[in-house]
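Next come the chains, spelled out residue by residue.
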Amino acid sequence: MKTRIFSVLCQNIPGVMMRISRDFTRRQINLDSITVGIEPTGLARIILIFKADDHMAEFMRRVLARSEPIVDVEVIEPERSIVREVALLKTRKLDDKKMWEAVQQIERAGGRVLESKGGVLVAELSGEHDEIERVVTVLGPEVLKEVARSGQVLISRETT
Amino acid sequence: MEMVELTGSKALFEALRAEGVKHIFGIPGGAIIPIYDALYDEREIRHILTRHEQGAAHAADGYARALGKAGVCMTTSGPGATNLTTGILNAYMDSSPVVAISGQVPTPTLGRDAFQEADMLSVMLPITKHNFIVHRIEELPAIVRLAFKTATTGRQGPVHIDVPKDVQVSKAKLKIPADVKYEKVVKLDPSAEDVRKAVDMLANAERPVIYAGGGVVWSGSSAELVALAELLGAPVTTSLLGKGTIPEDHPLALGMLGMHGRMVANLAVTECDVLLGVGVRFSDRATGDVRYFAPKAKIIHIDIDPVEIGKSVRVDLPIVGDAKRSLSAIIKGLRTQVQRGRTSEWLQRIKKLREELAPRMDYDEVPIKPQRVIKEIMEVLDDDAIIVTEVGQCQMWAAHFCTIRKPRHFISSGGLGTMGFGFPAAMGAKVARPECDVVNIAGDGSFLMNSQELATVVENKINVVSCIFNNRYLGMVKQWQDMFFQKRRSAVDLGKVPDFVKLAEAYGAWGERATRPSEVAPKLREALRCGKPAVLDIPIDPDEHVLPMVPVGGRLDEPILT
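Chains A and B are the protein sequences, given in the same order.
Numbering-wise (the working numbering), the first sequence opens with residue 8 and increments by one.
Numbering-wise (the working numbering), the second sequence opens with residue 15 and increments by one.
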């Protein structure tokens with residue numbers, strides 16, 4: 008099933024996330040990513056990423072658009088937008104060789120080390136979801152102790 | 015109105031009066047006493063004290079359906095509010111505008127499991143069109159305004175307002191009604207392009223059928239529906255909630271579609287080449303297996319709610335818009351092209367099917383056949399009578415056999431199928447339209463689910479008549495067990511009690527029993543004239559099934575007949 012991205016503009020009121028998430032729960036769809044930001048207008052911008060076939064994706068667009076606190080639902084084509092995710096990584100206590108390998112992996116992916124204390128690295132990585140996914144998989148649970156990920160945020164490209 | 019200092023409770027009634035509210039169904043309790051204290055001085059709004067909050071919700075729903083305006087119900091927090099939920103979901107499934115107000119524990123104790131606290135914002139969220147909690151008194155006027163606007167705009171539906179007790183007693187300078195704009199955009203006008211395409215499809219149809227539903231009732235477009243049917247020479251079938259949108263004795267009226275629909279309607283939809291669905295949601299109970307639904311037809315679907323379009327059946331031409339405006343636009347377009355009499359062959363076919371498949375009602379047996387009871391009821395009632403139904407066999411007999419001639423004169427729980435809906439909804443309908451005879455077609459099982467409202471109708475002189483189709487069974491479940499579970503009648507036998515005549519009399523209502531077909535009409539006439547709420551107990555043949563029946567997942571043209 009295709010990955011779908013909706014950019015939902017809605018009132019910034021308590022419960023609005025619950026309204027949106029239960030619309031998906033009811034249709035047995037798992038949301039892969041939810042991020043929320045507040046627009047300069049005071050409205051909330053919620054980015055939803057989920058998998059659905061064409062029929063269900065269009066149905067969900069209409070279901071969301073019907074919801075009273077939702078102002079607009081924009082269907083985002085991944086090609087027409089810039090999608091980014093931020094991950095913060097903390098390693099286990101590593102020996103020099105392992106640490107060197109980890110730094111290589113992180114820096115090759117465009118990340119940087121923020122802290123290194125007693126063999127434990129804290130690093131920051133930002134970029135496309137798949138790239139972050141790749142680095143996290145390569146390092147694996149033997150190297151990584153904790154991973155904090157932002158979920159995916161995006162902005163549409165200028166079309167002119 | 016100028017800004018005046020009011021308590022939240024006084025402000026609520028000011029705001030309700032500004033919305034034109036005349037009646038409230040409800041029950042007080044601890045967390046809503048300040049609002050009921052303000053009610054003590056209220057002169058314009060009549061409060062009807064029900065005996066269960068579910069009754070209040072159904073009454074508000076029945077009121078809304080009979081009148082076409084929002085019905086209002088009011089309860090305390092916790093159990094009072096949770097008791098509303100079945101009624102609120104029932105209204106939601108059938109797009110009925112109900113505004114429900116409940117008290118709530120004071121805001122400082124919210125979320126701390128205070129006495130009679132229920133998280134009603136979360137509970138009501140999935141079963142309302144929208145819901146609010148009033149955190150500060152200053153928000154109250156705007157929330158009431160928005161609640162009524164939301165309930166009655168576009169696709170209508172219930173809205174819940176939770177009012178914490180401290181908000182009820184706090185004071186503020188308020189302007190009522192609030193200056194607040196309802197900002198949700200609802201597309202009412204169909205696009206010209208869609209209308210042109212619809213006109214084209216309908217004008218070229220050889221075997222058109224119109225399928226009308228509750229949306230036609232709520233948009234008040236029965237006249238347009240009939241005009242379009244006559245202009246096209248298109249027969250009209252309806253959903254359960256669409257009954258009465260075309261007078262059912264009109265030569266083009268086919269009756270209800272679906273599982274327990276009229277055979278002529280089911281066959282017409284199966285044979286038609288263009289099906290115009292208007293204000294319907296193509297419920298699974300109406301379509302049967304969608305792969306065989308209207309298999310030869312191009313489907314045009316008019317609905318005000320875009321979510322409905324393509325949800326259940328394939329649609330060739332979606333039209334998002336208000337039913338009245340869409341039908342008017344199509345009529346206007348057709349007037350320039352359609353030739354009358356073009357579909358005479360189709361109408362001949364329909365006429366023939368209709369005559370061949372006319373339902374039989376003239377049974378003389380004792381115990382009485384339910385079909386005969388409906389026939390007798392129809393003979394007694396005039397066109398202005400409102401028929402309300404409970405849910406199950408009684409409901410499907412009513413839907414199949416009753417001839418309804420006006421919209422809002424057949425009220426039934428469609429989407430949710432709520433047993434216990436009929437009696438309190440009949441009460442609400444009678445309060446809304448006191449000039450009409452209101453008859454609740456009930457099963458004994460359903461009636462017992464809200465029979466406590468006998469106290470309400472007697473105390474408030476709300477003279478509705480309940481005709482109990484008494485087979486001492488949960489009849490529809492029994493029917494399914496008989497038909498699909500080798501007659502293993504599990505947990506459906508309701509035994510011998512109560513005596514419904516004595517039950518009625520215990521409440522001070524009129525109660526009688528009709529055991530022979532010839533007794534039904536005279537006793538019903540007596541019930542309608544007795545000057546009290548009435549219960550007419552009619553023991554019916556306990557083995558009678560609702561037939562024909564299209565089983566779940568079956569085809570409309572292949573019903574079970576015997």
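No lab work stands behind these hints: they were computed from the structure.
Since the model is a prediction, treat every value here as computed from it, not as a measurement.
Take the hints with a grain of salt, since some may be wrong.
Claimed, not checked - Derived DMTMM-like pairs (lysine to aspartate or glutamate); straight-line CA-CA distance at most 25 Å:
1. 163/B to 75/A
2. 198/B to 153/B
3. 58/A to 84/A
4. 198/B to 86/A
5. 312/B to 65/A
Verification of the hints:
{"no.": "1", "hint": "163/B to 75/A", "verdict": "11 Å, holds"}
{"no.": "2", "hint": "198/B to 153/B", "verdict": "19 Å, holds"}
{"no.": "3", "hint": "58/A to 84/A", "verdict": "13 Å, holds"}
{"no.": "4", "hint": "198/B to 86/A", "verdict": "30 Å, violated"}
{"no.": "5", "hint": "312/B to 65/A", "verdict": "21 Å, holds"}
The structure fails hint 4 only (numbered hints given earlier).
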